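Undergrad: For the protein sequence lines, the chains are C and X, in the order given.
Mapping to my numbering: the first sequence position 2 is 2, numbers consecutive.
Each number in my numbering corresponds to the 1-based position in the second sequence with 362 added.
Since the hints were made in silico from the structure, they are not lab data.
Please note that the accuracy of each hint is not assured.
Some, not all, of what chain C presents toward chain X, calculated at C-beta under 10 Å [claimed, not checked]:
| # | residue |
| --- | --- |
| 1 | M54 |
| 2 | A56 |
| 3 | F147 |
| 4 | Q184 |
| 5 | A187 |
| 6 | T189 |
| 7 | G262 |
| 8 | E265 |
| 9 | P303 |
| 10 | F319 |
| 11 | N323 |
| 12 | E340 |
| 13 | L344 |
Owing to the predicted nature of the structure, the values given are computational and were not obtained by experimental measurement.
C-beta atoms are modelled at their ideal positions from N, C-alpha and C, and glycine is treated no differently.
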Amino acid sequence: MFYRETGQFKSKYKEELAAFPLAEDKVGIIILLVIAYVFIPIFGIPGLPFEFTMGAIMIPVFIFTITTLGLNILLGFAGQISLGTGAFMGVGAYSCYKIMTIFPDLNIIICVILSGLVTAVVGMIFGLPSLKIKGFYLIVATLAAQFFLEWAFIRVAWLYNYNDSGGIEGTNKEMFGLIVSGPQSDALTRYFIVLTLLVLLTWLASNVIRGRIGRSWMMIRDMDIAAELIGVRPLTAKLSAFAFSSFYIGISGALMVFFWLGAAEVESFDVSHSFTYLFMVIIGGLGSITGSYMGAALVWVIPVLIKEIGKTVFGFDAFIMENFSIIFLGVAIVVILIVEPHGLARLWQITKQKLRLWPFPY
Amino acid sequence: MKKLFIGAVMAIGTFISTISLSFADELLVPHMTYRVGPFAANGTMIANGFTDYFLMLNERDGGIGGIKVNPEECETGYKAQVGVECYESYRGKNALVHTPNSTGITLQILQKAPEDEVPILTMGYGLSAAAKGETFPWAFNYPASYWSQMTSILSYIDSQTGLKGKKIGFLYLDVGYGREPIPVLEELGPKMGFETLLVPVAGKEMQNQSSHWLTIRKEKPDWVIMWGWGAMNPTAIKEAAKTRFPLDRFIGNWWSGAHVDTQSLGAKAKGYLASSYTTTGTSFPAIQDMIKYVVEPGKSKTKMDMPGKVLYNRAMFNAVLIAEAIMEAQKMTGKKMVTGADVRLGLENVKLDEARLKELGLEGFTAPVMGGCADHENGGSIFVQQWDGSDWIRQTDLIPPMTDVVQPLLTAAAEKYVSDKSGWTTQKCN
Chain C
1 MFYRETGQFK SKYKEELAAF PLAEDKVGII ILLVIAYVFI PIFGIPGLPF EFTMGAIMIP
61 VFIFTITTLG LNILLGFAGQ ISLGTGAFMG VGAYSCYKIM TIFPDLNIII CVILSGLVTA
121 VVGMIFGLPS LKIKGFYLIV ATLAAQFFLE WAFIRVAWLY NYNDSGGIEG TNKEMFGLIV
181 SGPQSDALTR YFIVLTLLVL LTWLASNVIR GRIGRSWMMI RDMDIAAELI GVRPLTAKLS
241 AFAFSSFYIG ISGALMVFFW LGAAEVESFD VSHSFTYLFM VIIGGLGSIT GSYMGAALVW
301 VIPVLIKEIG KTVFGFDAFI MENFSIIFLG VAIVVILIVE PHGLARLWQI TKQKLRLWPF
361 PY
Chain X
363 MKKLFIGAVM AIGTFISTIS LSFADELLVP HMTYRVGPFA ANGTMIANGF TDYFLMLNER
423 DGGIGGIKVN PEECETGYKA QVGVECYESY RGKNALVHTP NSTGITLQIL QKAPEDEVPI
483 LTMGYGLSAA AKGETFPWAF NYPASYWSQM TSILSYIDSQ TGLKGKKIGF LYLDVGYGRE
543 PIPVLEELGP KMGFETLLVP VAGKEMQNQS SHWLTIRKEK PDWVIMWGWG AMNPTAIKEA
603 AKTRFPLDRF IGNWWSGAHV DTQSLGAKAK GYLASSYTTT GTSFPAIQDM IKYVVEPGKS
663 KTKMDMPGKV LYNRAMFNAV LIAEAIMEAQ KMTGKKMVTG ADVRLGLENV KLDEARLKEL
723 GLEGFTAPVM GGCADHENGG SIFVQQWDGS DWIRQTDLIP PMTDVVQPLL TAAAEKYVSD
783 KSGWTTQKCN
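Turn these sequences into a full structure, and let the hints steer you where they fit.
TA: Here it is, written out as C-alpha cells:
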C-alpha cells in the first residue's frame, strides 16, 4: 500500500532510466536529505550531547560510508577482493598532507580530491596482480600492498615531513573566510563539508555503476570469461574498478585525518582497520549503495552507543562495555551472515517488498 | 513487543535524565584507559593506580578542597580513533585535565586543547617538545621527556663503564615513540665518542626477535638500550638471556621496566636494568592509605598484589600531580569548582618539593617537581633500577639529564612543530 509502483506511468526512456523511478523513493530521499541537512544540524540526535553527536557519530559515519562505498565498488560490483583498504586510506591521508604542506594556500577540498586521484593511481598499481590472479591469491596480493604501504608510512620520513612524532597533523584551513579544517574549525562546518562530499560521491557512484563502466564491472564479477568473450576488456574493467574504488577510499582517508581525527599515525591505517571496513561492506550488503550506508552506520554506531548508554544509564565500567561491544559486534556479524547473507541491504529490499502489499497481503 | 517498546522508552528517558544530572558538583578528571586490547596487562595497572589515588582522596579527605573527584574512565583499547570519541564525550562537561595515556591520542588532541581550554598532562610519554611551555601552553610532560631520559641513561652508562669507544645498541619499537630518542644518540655519539647500532623492531615482530638478537650477537655492542612496550619487553629480555647477552649491560627505558615485563621470566631476567622516576613498593604512607581506604574495602578493581608495582605507583604519581595542580588552582582562584584553564595555571605552579612530598606520604618516592611557565618538563631526573629475580630494586641516586644537549633539541622541535600551524596559541613567560 505504501510502496506501490501501480499507476506511476513512464512516457519517456529518460524517466525509465532515472536513479529513482518511483515517487516513493524520491520522497524518501528528499526526507533523508532534509534530516541530514536541516534536522541533525539543528537538533542533533535527541538524548546525546551535540558535540558528541557530531564528532563521535555523524562525521565518522559519513567518512566510513565513503570508504565502504569505495570498497563496495571493488568488492561488491567488480568482484575483486581487497584487504588493503586501511593502507589506501593512509595513501589518501599522507598524500593530502604532502599536498597541503607543499601548497599551503591551496583550497583543502581540492587537496582532498587530488589525494583521491593519487590514491587511484596507487590503487591501480596494486591492482595489476588482479589481471592474473583472483580469489584467495588476490587477497594475499592486496595484503602485501597493506604491509608495504604501512612500512612506507613508517620508513619514508619524507611522507610525514620528518616530524619527530612520526605522525601527520592537520592545521587550520580557511575557505571563504570560514575555518573548515583543523583544531579551530567548528564541528558543524566539517559536518556539512563531509556530508556534501558524501552526497556528491554517492551520486557519482550510482551513476557510474548504472552506466557502461559499472555494467562491465558486474560482467567481470559474474563471469569473467563470458564478459571477455562479449567484448569487455578485463584490463580496463579491473583497473578502472581499482582506480575508482581507491579514489573513494583515498578521499575518505584524507577526510578522516583532516576533518575528523586532526592527526594520525600509522596505527590508524593498519590491517585491523582494513578488516573493519570489510565487515562494513559485508554486513551492509555486497553490491549495494544503500548497504554501504547501513553497514558503516551499524558497525561504527552500535559500539559507540552501547558504550555511552552503558556508562550513563546503567553505570557499568567503561572497559566492561568495551568488551561487551566487541562481543556484540562479533555476534552481530555471525548472526547477520547466517540469517541474511546478503546483508542489511537485502533486509531493506524485503521490507520494501512487504510494504507493497501491507497491510493487505493476499 | 509492547513491553519491549515501553522498556525502550524508559531506557531513553533515563538516558536523557542522567545526562542532565551529570553536572553535579564534582571535579571531573577524565582518564583514558586501556584495560582491553593488546596492552591490557600494562593498561590495567596504570588505570588502577590512577583511579585509586583519587578514590583514596575522596574517602580520606573528602576529595580536594572538600569537593569529590570523579576520575571518569573512558576505554580506548589503546586505539587512537577511539581516543577522539572519548575526547568528544568529555566535551562540555568541565573536564579539568586530560590524561590520554597514549602518544597517538595525545597528538590528535594536542591541537584541540587550547580551543577547549583543557590542559593535557602526558607524564612520561607524548611529545617531547611539549616541554617548551612558551610554545605549548596547554601541554605538560612532567617530570621528564624521552630526550632527557636518554641523556640520563647515557650518563649512567658513562659512570659505569665509560662511553668512549663503546658500541651502544639501540633496540626500539619501530613507531614514533621508539624512534624519538634517535636524534639524541646522533647528536651525542660523535661528542662522547660512542658508536650507535640501531635495531628497529617492527610492531608485528614484537614477539619474534630472534633475528634482531642475532644482529646484536654478531655486532657485539657493549650496551643495549631498549625503547620497548608491551609484549616487546619480555621477549627482548628472554632473547637477551638466550643469546647470553649480559643482562646488566641491557637497560630499558621507563616503559620497559615494569613487573609485567619481568615477572613471568623471574630469575631468568635477573640483572636486567631499567630507568624509572618512581620508586616501587608499598612502604610509602600514601600507598598504605590507598590500600587501607580503597583496595582492602574493595572499592576499586585493584587486586591486592597490584599496589607497589612499577606501573601502579607511576600512575599514582600521575594522579598526585593532577591533585596537586587542582589544589593549587583552588588556592590561586579562591574557587572550589575550578575549570580547565585554572588547572592549567595550577600545573604551572605545582610545588612538589621534598617537604610537600613528605607531607603527602611520598618521601623519597621521586624527584621534586617544581612547575614553571616556560619549563613544562621540569628537571627530568631519573634513576636506574634493577630486577633481582623477584622485584625491582633501586640502584642509583637521581641522575640529572644533560640539559645543554636536550634544551636546544627541544627548542628546535617545538619551533618545527608550530612552523606549519597557523593560529597556534603560544604564551610569553617572564
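Undergrad: Please go over all the hints and tell whether each is borne out by the structure.
TA: Now for the hints, and whether the structure bears them out:
1. M54: With Cβ-Cβ at 8 Å, under 10 Å, it holds.
2. A56: A56 (chain C) check passes; min Cβ-Cβ to chain X is 4 Å, inside 10 Å.
3. F147: 8 Å, holds
4. Q184: 6 Å, holds
5. A187: 9 Å, holds
6. T189: Violated, because the Cβ-Cβ distance from T189 (chain C) to chain X comes to roughly 14 Å (cut-off 10 Å).
7. G262: 5 Å, holds
8. E265: Holds: closest Cβ of chain X sits about 5 Å from E265 (chain C), inside 10 Å.
9. P303: OK, holds: P303 (chain C) within 10 Å of chain X, min 9 Å.
10. F319: Because about 4 Å separates F319 (chain C) from the closest Cβ in chain X, which is inside the 10 Å limit, the hint holds.
11. N323: This hint holds: N323 (chain C) lies near chain X, its Cβ roughly 6 Å from the closest one there, short of 10 Å.
12. E340: 21 Å, violated
13. L344: Violated - the Cβ of L344 (chain C) stays beyond 10 Å from chain X, reaching only about 20 Å at its closest.
Comparing the model with each numbered hint stated earlier shows that hints 6, 12, 13 do not hold.
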